[in-house]
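Participant: Those sequence lines, one after another, are chains A and B.
Count the first sequence with the numbering used here and you get residues 23 to 284, in order.
Count the second sequence with the numbering used here and you get residues 103 to 347, in order.
These are calculated hints, taken from the structure and not from any lab test.
Among the hints, a few may not be true.
As the list claims (entries may be wrong) - Here are the computed lysine-lysine pairs in the PhoX-like style, where the Cα-Cα straight-line distance is at most 20 angstroms: (1) A/Lys-283 with B/Lys-140; (2) B/Lys-140 with A/Lys-267; (3) A/Lys-95 with A/Lys-267.
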Amino acid sequence: MRALSIAATGMAAQQLNVEVISNNIANMNTVGFKRQRAEFQDLLYENVERMGAQSSEAGTVVPTGVQIGAGVKAGSVYRITTQGSLTQTGNRYDLAIDGRGYFQVLLPDGSTAFSRAGNFAVNDQGILVTDDGYIVQPQITIPADAKDVVISKTGQVQVLSGTEATPQIVGQLELATFMNEAGLQAIGDNLYLESGASGSAVTGSPGEVGFGQLVQGYTEASNVDAVSEITNLIVAQRAYEMNSKVITTADQMLSVSAQVKS
Amino acid sequence: MENAGYIALSRQMTLRRELDIAANNLANVDTAGFKVEKLLIATENGTRARNLGIDGPGRFVLDTGLGRDFGQGAMRQTGNTFDFAVEGQGFFAVGGPEGERYTRDGRFSPDSSGRLVTHDGLPVLGEGGSEIILDMTKGPPSVSADGIISQGTERVGRLQAVRFEAMSVLSKDGDGYYRNTSNETPSPDTEARIRQGMVEGSNVQPIVQITNLIEISRAYERMAKLIDSSNDLNRRTVERLGRVS
């Protein structure tokens with residue numbers, strides 16, 4: 023009986039759906055997190071009676087045929103890269119991107135990762151780093167005697183140090199954008215890697231055409247909407263139940279057939 | 103010979119197939135753009151047994167085809183720039199490796215070169231069958247209800263829905279795609295509205311499918327009873343006639 027395996031694909035798909043939703047809810051308060059969505063597609067169809075086949079010698083044609091689907095599969099888990107809301111923190115090294123773009127982060131292995139999480143800090147040498155200690159590219163060094171740090175919307179880092187009256191420019195932050203942001207490969211720790219699907223990174227200063235602006239003293243909250251996640255969870259749970267109902271029905275029918283007296 | 107058992111069996115065969123279809127409907131209750139299906143059944147006259155003095159032939163049950171309800175699925179707002187839904191009868195055309203395919207699932211995204219593609223990477227075909235190329239540096243595209251895609255103030259292409267005179271020429275290919283099995287070329291659907299930031303859900307109504315499940319399982323039980331009693335009748339006939347009085 024196909025129905026058993028068809029319902030099993032339905033249950034597996036809903037299980038994946040619940041896993042994706044639970045990951046979204048778990049990361050509701052993760053800075054710069056982008057919610058994901060499991061997308062389903064119907065599986066291949068078996069042509070029991072092919073449409074367009076001739077049904078008689080007179081040339082009449084089967085109009086609809088009989089096609090029986092094999093269930094559902096997860097097509098992809100798509101990342102929705104809409105803007106998260108900005109949360110004020112007052113921390114001078116907290117940066118939020120308002121618009122498109124990713125911060126570039128140098129990984130310990132020398133490769134570049136990309137991130138929306140701008141909750142930065144300075145390390146013991148005064149270098150601007152992520153909360154894992156990875157250096158933000160291009161490298162910005164804040165002098166030890168800095169009294170105040172101002173990061174402009176366009177990414178210019180100015181420092182007022184010592185007894186000077188005018189702020190000094192110590193660096194310029196850059197952002198990277200991609201053709202297809204959803205194609206970036208997530209590696210955890212709020213970091214993404216470039217992939218064949220995303221296209222190569224295009225760098226530029228914040229505020230340029232096609233790039234977002236920086237906002238100092240704010241972080242970007244996740245774009246998870248609790249209400250819609252909970253609603254999706256309910257839908258997933260009910261769909262799971264309905265598929266299990268199919269299995270029960272198929273099982274009952276099989277047992278009825280088995281009990282026919284010979 | 104006795105036909106009753108075979109007639110009941112023919113119904114059980116179609117019921118099993120109906121269950122497979124209901125199972126597929128329920129498995130796809132959350133698949134965007136999925137269209138619900140139902141098995142069409144008809145009576146098939148069997149040849150009358152010559153040695154029986156009864157009127158009329160045995161009537162078997164046979165599945166003749168599949169009915170697809172192409173009605174609108176519920177629209178769900180996602181706010182995602184690259185989600186599109188068709189309101190109306192049209193389909194999005196995509197360029198597959200084996201020719202054009204049609205879909206109601208408008209969850210597209212740009213690929214690494216800016217081409218608008220489906221999640222399998224097949225290019226979406228716009229007006230005149232041309233691919234849609236976006237330049238992401240010009241900002242997010244905005245799509246009007248008649249399919250005009252603009253980035254900023256510049257028009258970069260047009261998303262188009264196409265329609266068929268008879269929907270029954272469409273055969274499901276899986277992955278949400280339909281294939282055209284006739285020579286008919288689809289025409290642009292001028293009445294269709296394209297909604298950006300929306301996804302068309304599956305038009306499966308769970309309650310109807312669950313009711314189907316119950317009906318299928320009860321009908322199957324009834325047929326099993328029929329087979330039982332028909333067998334019983336045969337057995338008793340043999341027993342009684344075989345007894346020497």
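Participant: Each hint should be assessed against the structure and marked as holding or not.
Facilitator: Checked hints:
Distance hint between A/Lys-283 and B/Lys-140 is unfulfilled; the C-alpha atoms sit about 31 angstroms from each other, more than 20 angstroms. The suggested pairing of B/Lys-140 with A/Lys-267 holds, with an alpha-carbon distance near 18 angstroms, which does not exceed 20 angstroms. A hinted pair counts as satisfied when its Cα atoms are at most 20 angstroms apart, and A/Lys-95 with A/Lys-267 qualifies at roughly 19 angstroms.
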